[in-house]
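Chemist: Residue numbers (my numbering), protein chains in the order written: chain F, 19 to 243; chain Z, 19 to 243.
Treat the hints with caution; some may be incorrect.
Identical copies carry no separate label here, and so any pair may be met within one copy or between two of them.
[As the list claims (entries may be wrong)] In silico DSBU-like cross-links for lysine-lysine, where the CA-CA straight-line distance does not exceed 35 Å: (1) Lys62 x Lys208; (2) Lys152 x Lys211; (3) Lys52 x Lys79; (4) Lys211 x Lys62; (5) Lys113 x Lys62; (6) Lys152 x Lys21; (7) Lys105 x Lys152; (8) Lys100 x Lys152; (9) Lys105 x Lys58; (10) Lys208 x Lys21; (11) Lys155 x Lys130; (12) Lys21 x Lys200; (13) Lys241 x Lys100; (14) Lys152 x Lys45; (15) Lys241 x Lys50; (16) Lys152 x Lys50.
Source of the hints: derived by calculation from the structure; they are not laboratory data.
2 protein chains.
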Amino acid sequence: MAKSMMLLWGSGSPPCWRVMIALEEKKLQGYKHKLLSFEKEEHKSQEVLEINPRAQLPAFKHGDIIVNESCAACLYLENRFKSQGSKLIPDSPAKQALMYQRMMEGVHLTDKLNSVVYYDYLVPEEERHDSALKRNKEALTTELQLWEGYLQNVAAGSYLAGPFSLADVIVFPNIAYAFRFKLSVERYPKLAKYYSLLKDRPSIKASWPSQWFATPQGDDALKDV
Amino acid sequence: MAKSMMLLWGSGSPPCWRVMIALEEKKLQGYKHKLLSFEKEEHKSQEVLEINPRAQLPAFKHGDIIVNESCAACLYLENRFKSQGSKLIPDSPAKQALMYQRMMEGVHLTDKLNSVVYYDYLVPEEERHDSALKRNKEALTTELQLWEGYLQNVAAGSYLAGPFSLADVIVFPNIAYAFRFKLSVERYPKLAKYYSLLKDRPSIKASWPSQWFATPQGDDALKDV
């Protein structure tokens, strides 16, 4: 089954990493994949465009089925391989509701992280304002404090919606990314605990961004958040 | 069942409208609800904060279950009431993949629309740049052209993932909103057809934003997109 899958990915991209974690959790090792370079703009290549008209990574194909958006791909994989590997959507309605809620909030968390970490990349020099970056940082602080609150019971092994779920598949790469860019372990102890508990989970370890081994730390964009 | 549900909503908000369409489609009429005013900042009231710590609408509760993010609420409702009302997630893996893909792309479409329609609201006066608004409009044009392409077979009644689905629940309010802000019917004929076919669907008609009856048109923010 995995042999008819093809993933084009970029190292360190949280959306790509989500799909890779889901593939590991669903025991779909052996899928075909190709690492492309954002720096060389390989995500804009014909090879990508044929799968993803947005020229973005991940670009993911399973046989004739194309599903590129990372949450969509994870939902597809879980529903298609329900009884294989980890169960990523809980059965209980209350847990399911919480899982969907955190998963979707994770999508918005990505945008808020990017608005700080990639501010200079996203905004042309003549349009940059210290006041705008400051506001983005404040919004991110408020956001991260919410997540800190969501993880009150993390030390007891309760992740974003109880046992490991799609919510963690979607959100963990964001949190790893935040600590890579020097988020304070002291100010966010629950998030730090969450990170330290999950970083050695087999699916996450197996898909750890290759680029991060060479350069384990990013710049200090999130130091004062 | 519907009687134990409470929806706090704002008129004309696409995320609120999504949940209302889903409730209609799942035959959950009779749910409790309360219309709040964004202008009077009622979304920041204690009543909202008790359900939604983000101080955003929708705020939705079903018994003790809280699920506020609009896609999460729609996924919850469809899965909880699978055999009731319309079937909003197709069974076939290929159609399901397409449905999740379009649904999630719809989330990003909302952001792109807001970055143009609400530019002045989102960006303080001293940080506004014509070049930034122009870039946002160009990105929105590219985005809307993709959606125009997704709807090649709309005249034959094929919506975003074939029959009416969660993808349409999520995306239709964005499209209605775009035409309200004077998106060109000539430049986007498939989107216009999609709009005209779905606007009289019972679930959509029953949940049509009350505010829009009084002021059927917004400003012309999208006239030249």
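Chemist: Hints first: check each against the structure and report whether it holds.
Modeler: Outcome of the hint check:
Within a single copy, Lys62 and Lys208 get their C-alpha atoms only as close as 38 Å, which misses the 35 Å cut-off; across copies the closest is 27 Å, which meets it. In this assembly of identical chains, Lys152 and Lys211 lie within 35 Å of each other by CA distance solely inside one copy; the values are 27 Å within and 43 Å between copies. In the homo-oligomer, the alpha carbons of Lys52 and Lys79 lie at most 35 Å apart inside one protomer (12 Å), although the nearest pairing across protomers, at 44 Å, exceeds that limit. Proximity of Lys211 to Lys62 under the C-alpha cut-off of 35 Å is restricted to the inter-copy arrangement: shortest distance 32 Å between copies versus 37 Å within a copy.
Taking identical chains as interchangeable, the C-alpha atoms of Lys113 and Lys62 lie at most 35 Å apart only when they sit on different chains, with a minimum of 27 Å there against 39 Å within one chain. Neither within a single protomer nor between protomers do Lys152 and Lys21 lie at most 35 Å apart by alpha-carbon distance, with minima of 47 Å and 44 Å respectively. For the homomeric pair Lys105 and Lys152, neither the shortest alpha-carbon distance inside one copy (40 Å) nor that between copies (45 Å) is at most 35 Å. Taking identical chains as interchangeable, the C-alpha atoms of Lys100 and Lys152 are never at most 35 Å apart, the minima being 44 Å within one chain and 45 Å between chains.
In the homo-oligomer, the alpha carbons of Lys105 and Lys58 never lie at most 35 Å apart, since the shortest distance is 37 Å inside one protomer and 44 Å across protomers. When the C-alpha separation of Lys208 and Lys21 is checked against a cutoff of 35 Å, the pair qualifies neither within a copy, at 38 Å, nor between copies, at 37 Å. Taking identical chains as interchangeable, the C-alpha atoms of Lys155 and Lys130 lie at most 35 Å apart whether they share a chain (8 Å) or sit on different chains (21 Å). For the identical chains of this complex, Lys21 and Lys200 are neighbours neither inside a copy (38 Å) nor across copies (47 Å), given an alpha-carbon limit of 35 Å.
Proximity of Lys241 and Lys100 under a CA criterion of 35 Å is satisfied in neither setting, with 40 Å inside one chain copy and 46 Å between copies. Taking the closest pair of Cα atoms, Lys152 and Lys45 never come within 35 Å of each other, the shortest separation being 43 Å inside a single copy and 46 Å across copies. Proximity of Lys241 to Lys50 under the C-alpha cut-off of 35 Å is found in neither arrangement, the shortest distances being 37 Å within a copy and 45 Å between copies. In the homo-oligomer, the alpha carbons of Lys152 and Lys50 never lie at most 35 Å apart, since the shortest distance is 42 Å inside one protomer and 40 Å across protomers.
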